[in-house]
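Can you make the complete structure from the sequences, with help from the hints?
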Amino acid sequence: MSKTIRHHLKDTASSLIKYFVSVILAGLAIIYLLSGIYKVSESELGVIQRFGKVIDGKVEPGGHYRLPWPIDTVTKVPVKTTHSMDIIDFSLKQASDEKNEFRDITGLSIYCITGDNNIVFIDFVIRYNIVDPVKYLFNINSSEDFLKHTACAAVINSLAGKTVDDILTVGKKSVEVYLKKEIQENLDSLNSGLGINDIEIKDVSPIKAVRDYFERVINAQIQKRELINNAESYRNQNIPKTKGMAMQITEEAWGYRTQVISHAQGDADRFKQQLNEYSKAKEITKQRMYLDFIQQKFPELEKIILVDNTGKKRVINLRLLSN
Numbered sequence: 390m391s392k393t394i395r396h397h398l399k400d401t402a403s404s405l406i407k408y409f410v411s412v413i414l415a416g417l418a419i420i421y422l423l424s425g426i427y428k429v430s431e432s433e434l435g436v437i438q439r440f441g442k443v444i445d446g447k448v449e450p451g452g453h454y455r456l457p458w459p460i461d462t463v464t465k466v467p468v469k470t471t472h473s474m475d476i477i478d479f480s481l482k483q484a485s486d487e488k489n490e491f492r493d494i495t496g497l498s499i500y501c502i503t504g505d506n507n508i509v510f511i512d513f514v515i516r517y518n519i520v521d522p523v524k525y526l527f528n529i530n531s532s533e534d535f536l537k538h539t540a541c542a543a544v545i546n547s548l549a550g551k552t553v554d555d556i557l558t559v560g561k562k563s564v565e566v567y568l569k570k571e572i573q574e575n576l577d578s579l580n581s582g583l584g585i586n587d588i589e590i591k592d593v594s595p596i597k598a599v600r601d602y603f604e605r606v607i608n609a610q611i612q613k614r615e616l617i618n619n620a621e622s623y624r625n626q627n628i629p630k631t632k633g634m635a636m637q638i639t640e641e642a643w644g645y646r647t648q649v650i651s652h653a654q655g656d657a658d659r660f661k662q663q664l665n666e667y668s669k670a671k672e673i674t675k676q677r678m679y680l681d682f683i684q685q686k687f688p689e690l691e692k693i694i695l696v697d698n699t700g701k702k703r704v705i706n707l708r709l710l711s712n
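Quick note: the sequence shown uses our numbering, first residue 390, plus one each step.
Bear in mind the hints are in silico, worked out from the structure with no lab data behind them. Beta carbons: idealized from backbone N, C-alpha and C, even for Gly. Check before you lean on any hint, since a few could be wrong.
What the hints assert, rightly or not - Taking CB as the label site, the calculated pair distances span:
id, residue 1, residue 2, range
1, LEU616, GLY584, 33 to 43 Å
2, GLU641, THR674, 31 to 41 Å
3, MET634, ILE502, 52 to 62 Å
4, ILE460, SER563, 50 to 60 Å
Dropping the structure here:
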């Protein structure tokens with residue numbers, strides 16, 4: 390009887406153990422399968438690899454499922470995040486501790502040589518983002534280091550083709566445009582997956598020993614541009630005004646010319662008419678013209694007294710004659 394009970398308890402315990410093991414294994418299996426659920430945020434894209442091979446390089450934001458590890462792996466890449474890299478020391482090699490210590494003691498740093506053999510220090514910042522997650526993850530071992538090296542080489546090439554005056558004054562913008570184009574072309578040639586948004590030159594300065602002289606030159610050039618701009622502004626303001634005055638004078642002259650010609654033409658017509666009348670009756674016309682002239686010149690006079698050579702006076706009543 391005791392053996393039967395013992396055997397029954399043993400079977401029961403074995404069944405319970407198997408049941409709990411099955412439940413635990415099922416739970417672990419469920420947890421394992423659920424581990425394939427993942428979420429990609431709004432600023433990211435996901436890259437899915439199956440046994441190391443990329444099967445989807447642009448998983449959109451939202452909730453997704455992939456096969457659990459180690460079958461599938463997901464790498465989330467912040468494609469909408471703008472990164473920045475501030476480059477002050479643009480040497481292409483990593484400085485040793487001895488070089489860093491020397492710079493700290495002496496205050497010297499890596500410099501550039503301009504096209505006219507002058508020394509300048511430059512500080513610029515690169516703003517970039519990831520445009521292709523797959524290329525970014527797998528084509529280049531260290532994208533950031535490659536970006537820095539590419540930027541440094543582009544800076545050296547750019548400044549070597551410009552004069553120091555150009556770099557320190559009006560040439561910064563052209564250098565920025567050149568750097569953006571050159572760096573982007575180098576990044577694209579190696580399929581880096583990086584895109585340059587903007588390059589800003591924060592500071593360009595000569596060595597301390599000649600910095601004051603360069604600043605004086607820069608200030609003089611700035612004043613020169615201001616004077617030129619003021620002169621051009623004055624010219625642009627006064628040329629239209631002068632042209633307007635010239636046009637007005639010309640129009641007045643043409644008006645005066647037309648008026649004079651009209652008056653002369655009228656006088657000529659009147660003279661021709663009087664000439665015709667004179668040819669018909671010379672004495673009468675002559676006397677009439679004379680009296681008209683006198684009446685026009687002396688409108689307030691009522692009579693004129695004429696004295697001949699003998700002293701004899703003769704009174705002429707103009708009103709009677711005009712009637």
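Q.
Given the hint of 33 to 43 Å, is the C-beta distance from LEU616 to GLY584 inside that range or not?
A. 42 Å Cβ-Cβ, so the 33 to 43 Å window holds.
Q. Taking the beta carbons of MET634 and ILE502, is their distance inside 52 to 62 Å?
A. Given range 52 to 62 Å: holds, Cβ gap about 56 Å.
Q. Do ILE460 and SER563 keep their Cβ atoms within the hinted range of 50 to 60 Å?
A. holds, 53 Å
Q: Using the beta carbons of GLU641 and THR674, state whether their distance is inside 31 to 41 Å or not.
A: Holds, at about 39 Å.
Violation of the numbered hints given earlier is absent; every hint is satisfied by the structure.
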